[in-house]
Amino acid sequence: MWEHRDGFRRQETDVFPRSRSGDNHYSGLPEARIDITKQRESKLRTPNSACSDDPRRSLSQLLADPFVSEAVFDHLTDIVYFVKDRLGRYVVVNETLVQRSGASRKSDLIGKTSEEVFQGKIGSGFLEQDLSVIQTQQPLIDELERHVYPSNVTGWCLTTKLPLKGADGSVVGVVGISRDLQSPGEDASDLNQLADTVDHIKSHLETPLRTAELAERVGMSSYQLDRRCREVYGISSSQLVLQLRMSAAAAKLRQTDDPIVSIALAAGYSDQSAFTRQFRRTFGVSPGKFRAQQSN
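Under the working numbering, residues 2 to 297 are what the sequence shown spells out, in order.
Hints listed in this document are in silico derivations from the structure and should not be mistaken for laboratory results. As the structure is a computational prediction, the values presented were derived from the model and not from experiment. Treat the hints loosely; a few may be bogus.
[Unchecked claim] Think about it this way: if two alpha-carbon atoms lie no more than 30 Å apart in a straight line, the pair counts; the simulated DSBU-like pairs of lysine-lysine are:
#, residue 1, residue 2
1, LYS203, LYS166
2, LYS107, LYS166
3, LYS203, LYS253
4, LYS107, LYS122
5, LYS166, LYS253
6, LYS122, LYS253
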């Protein structure tokens with residue numbers, strides 16, 4: 002049990018999945034290693050064409066090809082799939098993305114950035130995300146954001162983007178998906194409220210953040226906010242707050258030399274020992290060790 006700055010005593014909880022390997026380390030953000038620097042083959046390879054005596058190895062080699070994933074995602078109309086190079090230009094897209102952009106064919110998108118495909122702040126925001134993932138080498142997981150339907154109506158989706166690394170370990174691009182949370186024309190007022198709440202949490206991590214006050218702020222009950230959080234993220238609103246606190250702390254440990262006590266305060270912890278316990282429970286290591294691992 003520990004006492005948080007909001008005045009409540011609670012037990013440390015897991016907010017990210019742990020590794021199943023038994024090493025007790027956080028493994029919720031997989032590192033993608035796909036070489037997208039080779040030219041696209043004219044036809045998709047088949048399992049029979051992979052040269053290996055081990056069928057499992059042949060299959061894994063086949064599935065590592067982003068163009069195989071493209072063929073699968075072409076049939077999922079509620080999911081946008083893409084691979085981009087290190088400048089944020091499309092290399093692989095699925096049919097859903099073609100339709101959402103208003104293009105006629107995939108080749109209309111290849112070589113362009115999101116900013117060139119989608120007008121206004123939406124397009125520039127997507128490109129900014131891409132470059133951030135590429136430059137920091139840090140994944141973007143389940144980001145609640147607006148996207149565009151074929152009719153130019155905007156809707157809400159959850160976006161995940163992972164850095165792609167070549168054989169030498171350098172980042173060569175980004176791979177990602179965006180999953181629809183609603184159908185075109187469906188009432189999205191509660192998603193608007195949830196997005197507003199997430200933005201508020203991110204900009205006020207150093208303050209007490211109680212579910213009742215967060216819900217009241219957007220005109221929802223605590224039950225309604227909690228239910229919507231579970232529907233979208235699979236976790237409660239209090240777990241979402243904790244997840245965002247830990248994610249922000251991890252980012253500061255990776256990207257700055259700020260003292261751990263300052264990072265703890267920025268994440269809403271006046272007690273550094275409580276922060277350290279929760280961080281270790283979340284990531285499997287102490288903040289100091291996490292920083293050392295990231296610098297290696």
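Each hint, compared with the structure:
{"no.": "1", "hint": "LYS203 <-> LYS166", "in the structure": "29 Å, holds"}
{"no.": "2", "hint": "LYS107 <-> LYS166", "in the structure": "24 Å, holds"}
{"no.": "3", "hint": "LYS203 <-> LYS253", "in the structure": "13 Å, holds"}
{"no.": "4", "hint": "LYS107 <-> LYS122", "in the structure": "23 Å, holds"}
{"no.": "5", "hint": "LYS166 <-> LYS253", "in the structure": "22 Å, holds"}
{"no.": "6", "hint": "LYS122 <-> LYS253", "in the structure": "26 Å, holds"}
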